[in-house]
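Use the sequences and the hints to build the structure in full.
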Amino acid sequence: MLDTDGNFSIKLTGSYGSDDSEVRGRVRCVFSLAQSKLNRVTEESNGPFMTDISNFFQVNLNAKVVKSTGPDFKKPFYEALVFYAQSDSKHYITTSYLTKFPLMTSKYLNYLDFFKGLSYLGKRLTDKEIREVRIIKNSMNNQRTEFNWDHLNYFYNK
Amino acid sequence: MGIITRKHHTEATNQLGYYLAGLIEGDGSIILRKGDREKISPKFVFTFHSNEIPMYHKLQQVLKSGVIYKEKSGICRYSITNSDEVIRVINMVNGKFRTPKIQALYKAMDNLNTWRNANLLKLPLDTSSLDSNA
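From first to last, the protein sequence lines are chains A and B. Numbering-wise (the working numbering), the first sequence opens with residue 1 and increments by one. Numbering-wise (the working numbering), the second sequence opens with residue 1001 and increments by one.
The reader is advised that the hints may include incorrect statements.
As the list claims (entries may be wrong) - The calculated lysine-lysine pairs, modelled on PhoX-like cross-linking and capped at a C-alpha distance of 25 Å, are:
no.	chain 1	residue 1	chain 2	residue 2
1	B	K1039	B	K1058
2	A	K67	A	K11
3	B	K1034	A	K158
4	A	K158	A	K11
5	A	K128	A	K11
6	B	K1070	B	K1122
7	A	K100	A	K116
8	A	K75	B	K1058
9	A	K75	B	K1064
10	A	K11	A	K116
11	A	K158	B	K1043
12	B	K1043	B	K1070
13	B	K1122	A	K158
14	B	K1058	A	K37
15	A	K75	A	K37
16	A	K64	A	K11
17	B	K1043	B	K1122
18	A	K116	A	K90
19	A	K90	A	K75
20	B	K1107	B	K1122
21	A	K75	A	K64
22	A	K100	A	K158
23	A	K67	B	K1072
24	A	K158	B	K1058
25	A	K100	B	K1058
26	A	K137	A	K90
27	A	K137	A	K11
Calculated directly from the structure, the hints in this document are not laboratory data.
Listed below in structure tokens is the structure:
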């Protein structure tokens, strides 16, 4: 499910002015998962399993209203359940899970970028580091143009 | 993150069924026919962006079944329609679902039991610890 509906992103916060500034930019890595609140067909609640998953990642589960995308959706908006794992001290849960059970879609490549982002956590970034993070950010998710599928050599096979 | 770790976890631990269950619960649909067409086997359809074609090709190779096609809108689908293949996939994922989508799986099993004597036993949701399988 994380392979289809999970999301990885890197955010830059703070000021990126001079290297001497007190409020230097910092990086935040975010792993999130969103599901519609109700199953579209049976209208059963997705709350219980989303609660289990958010507990597993030690984060709060939130409700929000999301705009529908794609031709498959009949309603313009729907209620969703979403959690964001973005605490520096909790990322080990995400990385240990995804090392044990690796992703197979191109989301794996976004996870690798997220993983690179983790090495910039917890410090005030220099201009050089901010540029490096921007390069990673600008080539992941929707902006991805390079797809390396070597990881499929290690696809789940039995 | 090493390739060796990856290989260890994907080959040695019987995880394909769990991975497939999660994939169906995420991007998959279980299509059932009604009325006069009820006799036609239920089918699995995965819907995805064309970027993901290599992954679904790999899945198709591993499962040795199904067809991948691209619609005019650009959306891609991987469809498993042959009833024997559908039954095989159900046996792989049975007992591994964790979401309400299990109701659709149960309906497919009812259909296959009625029309094809598939003799599928509806196993309950997997409530084991999340880090015990993919």
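Going down the list of hints, with the structure as the test:
A distance of roughly 30 Å separates the Cα atoms of K1039 (chain B) and K1058 (chain B); the hinted pair therefore is violated under the 25 Å criterion. Simply put, K67 (chain A) and K11 (chain A) have alpha-carbon atoms about 22 Å apart, close enough for the 25 Å limit, and the pair holds. For the suggested pair K1034 (chain B) and K158 (chain A), the alpha carbons sit about 34 Å apart, so the restraint of at most 25 Å is broken. A threshold of 25 Å between alpha carbons decides the hint, and for K158 (chain A) with K11 (chain A) the separation of about 37 Å lies outside it, so the pair is violated.
As the CA atoms of K128 (chain A) and K11 (chain A) are separated by approximately 16 Å, the hinted pair is consistent with the 25 Å bound. Pair hint K1070 (chain B) plus K1122 (chain B) does not hold up; C-alpha atoms about 33 Å apart against a cutoff of 25 Å. A distance of roughly 18 Å separates the Cα atoms of K100 (chain A) and K116 (chain A); the hinted pair therefore holds under the 25 Å criterion. Our distance criterion of 25 Å between C-alpha atoms is broken by K75 (chain A) and K1058 (chain B), whose separation comes to about 33 Å.
Distance check on the hinted pair: K75 (chain A) and K1064 (chain B) sit about 36 Å apart at the alpha-carbon level, beyond 25 Å; violated. A threshold of 25 Å between alpha carbons decides the hint, and for K11 (chain A) with K116 (chain A) the separation of about 13 Å falls inside it, so the pair holds. Taken as a hint, the K158 (chain A) and K1043 (chain B) pair is honoured in the structure, with Cα atoms around 22 Å apart against an allowance of 25 Å. At most 25 Å may separate the alpha-carbon atoms for a hinted pair to count; K1043 (chain B) and K1070 (chain B) meet this at roughly 17 Å.
Distance restraint check for K1122 (chain B) and K158 (chain A): the Cα-Cα separation of roughly 22 Å lies within the 25 Å cut-off, and the hinted pair is therefore satisfied. For a cut-off of 25 Å, the pair hint linking K1058 (chain B) to K37 (chain A) is broken: about 31 Å separates their Cα positions. The straight-line distance between the Cα atoms of K75 (chain A) and K37 (chain A) is roughly 14 Å, inside the 25 Å bound, and the hint therefore holds. Restraint check for K64 (chain A) and K11 (chain A): satisfied, since their Cα atoms lie roughly 21 Å apart, inside the 25 Å limit.
The straight-line distance between the Cα atoms of K1043 (chain B) and K1122 (chain B) is roughly 17 Å, inside the 25 Å bound, and the hint therefore holds. The straight-line distance between the Cα atoms of K116 (chain A) and K90 (chain A) is roughly 16 Å, inside the 25 Å bound, and the hint therefore holds. Only pairs whose Cα atoms come within 25 Å are accepted, and K90 (chain A) paired with K75 (chain A) is rejected, the gap being roughly 35 Å. Distance check on the hinted pair: K1107 (chain B) and K1122 (chain B) sit about 10 Å apart at the alpha-carbon level, within 25 Å; holds.
The hinted pair formed by K75 (chain A) and K64 (chain A) meets the criterion: a straight-line CA distance of about 15 Å does not exceed 25 Å. For a cut-off of 25 Å, the pair hint linking K100 (chain A) to K158 (chain A) stands: about 15 Å separates their Cα positions. Straight-line distance between C-alpha atoms of K67 (chain A) and K1072 (chain B) comes to about 23 Å, which keeps the hinted pair within the 25 Å bound. Taken as a hint, the K158 (chain A) and K1058 (chain B) pair is honoured in the structure, with Cα atoms around 13 Å apart against an allowance of 25 Å.
With a C-alpha separation of about 20 Å, the suggested pair K100 (chain A) and K1058 (chain B) falls inside the 25 Å cut-off, and the hint holds. Pair hint K137 (chain A) plus K90 (chain A) holds up; C-alpha atoms about 21 Å apart against a cutoff of 25 Å. Proximity of K137 (chain A) to K11 (chain A) is assessed by CA-CA distance (about 8 Å); at most 25 Å being required, the pair is judged to hold.
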